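**Student:** For the sequence shown, the positions run 1 to 317 when our numbering is used.
Hints may contain errors.
List of simulated lysine to any residue pairs, SDA-like, C-alpha gap at most 25 Å [said to hold, decoys possible]:
hint, residue 1, residue 2
1, Lys184, Gly287
2, Lys184, Ala221
3, Lys253, Ala273
4, Lys253, Gly36
5, Lys62, Arg121
6, Lys81, Lys253
7, Lys62, Ile117
8, Lys62, Val310
9, Lys253, Leu181
10, Lys184, Lys253
11, Lys81, Ser197
12, Lys81, Trp163
13, Lys81, Gln16
14, Lys184, Glu207
15, Lys81, Gln203
16, Lys62, Trp111
17, Lys62, Pro93
18, Lys253, Gly198
19, Lys81, Ala221
20, Lys184, Met146
21, Lys184, Arg237
22, Lys62, Glu94
23, Lys81, Glu196
24, Lys253, Gly239
25, Lys253, Gly287
26, Lys253, Ser197
27, Lys184, Ala202
28, Lys253, Ala269
29, Lys184, Ala285
30, Lys184, Gln162
31, Lys81, Met146
32, Lys81, Val286
33, Lys184, Asp157
34, Lys81, Arg59
35, Lys184, Ile113
36, Lys184, Ile235
37, Lys81, Pro49
38, Lys81, Ile103
39, Lys184, Ser34
40, Lys184, Arg171
Just so you know, the hints here were simulated from the structure itself, not pulled from any lab data. Predicted, not measured: the structure shown is a model, and the values here were computed from it.
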Amino acid sequence: MQAPASLHAPHALQWQTIAGEGRPHARHENSLVSVGDRLYLIGGRDDRPLDIFDTTTRRWSKGSTPPLAVSHAQAVVSSVKIYVVGGLTGDYPEEAALTHLLIYDPATDRWQIGAEIPEGRRRGAAGAVAHDGVLYLVGGNTRGHMSGYVPWLDAFDTRTQQWTQLADAPRARDHFHAVVLDGKLYAAGGRRSSHESGNTLAQTISEVDVYDIQRGTWSVAPAALPTPRAGAAAIARNGQLLVMGGESTRQVKAHDEVEAYDPATSTWATLAALPQGRHGTQAAAVGDALYIVAGSGNRGGGPELDDVLVLHESSAQ
């Protein structure tokens, strides 16, 4: 595959573990987003504080306490505010879905309870993206880790504060992240969780579903995810979809694979692996640097990590 310049010769790029002043609280099933030069590490299993990492000074600080303990949410940023939607709260295996949006304003260090999520559409472990002032919530599970997986797609307009139900995805999935590339939403990885079956992790999904936001139609990407797994972090970078880490029944250790999909060529490439595999966290970018923080080092609930990994993409140019 002929990759963009910043991802060219992928094995020449290596992840680094960076040290900073202070450390975040170890956690997994957490969110991670960037606003400006700062990373915001949010939620996770049990009560976890808001930890903030200044990527310029490499100092950790603590933000105001979130309104409740939230896990399994892909946080998004819209108009410089952080939205937590599609998360879970409560005890495993049948955690409850959030009833309202949670909104954090980095400028004031304040949380607020946002709009109510329609009662019949609440779920967690869903994919979430922000695009042109609209939040899109796809897939997820209405019953935590039980067989409550759904193919739903909903849109929340941050300007009108209104929800809209959109066309269902081709398949249900949970424990995955979504991204937007060139006006299209990509749902990659994940599984259909089924705790009552005795093997919650078994039903991983390889197909990549694609939603054209302008046309309102779904399709399936020509090439499937090479390493099916759930709990992976996904992010759009340089015209590509990156899928990092994850968990599956294939191995006890969390996955360290980093795979990149190029929609222009419908092909996947394998990039440099994470130095420590993980699942249950999110990736974020600041400038040309890609970050992934915390997560679980093995499939399931631990060990919880507190490290900071960074990949400086410009070093390949």
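**Student:** Which of the stated hints cannot be reconciled with the structure, identified by number in ascending sequence?
**Tutor:** Of the numbered hints, 4, 5, 6, 7, 9, 10, 11, 13, 15, 17, 19, 20, 22, 23, 24, 25, 27, 31 and 35 do not hold.
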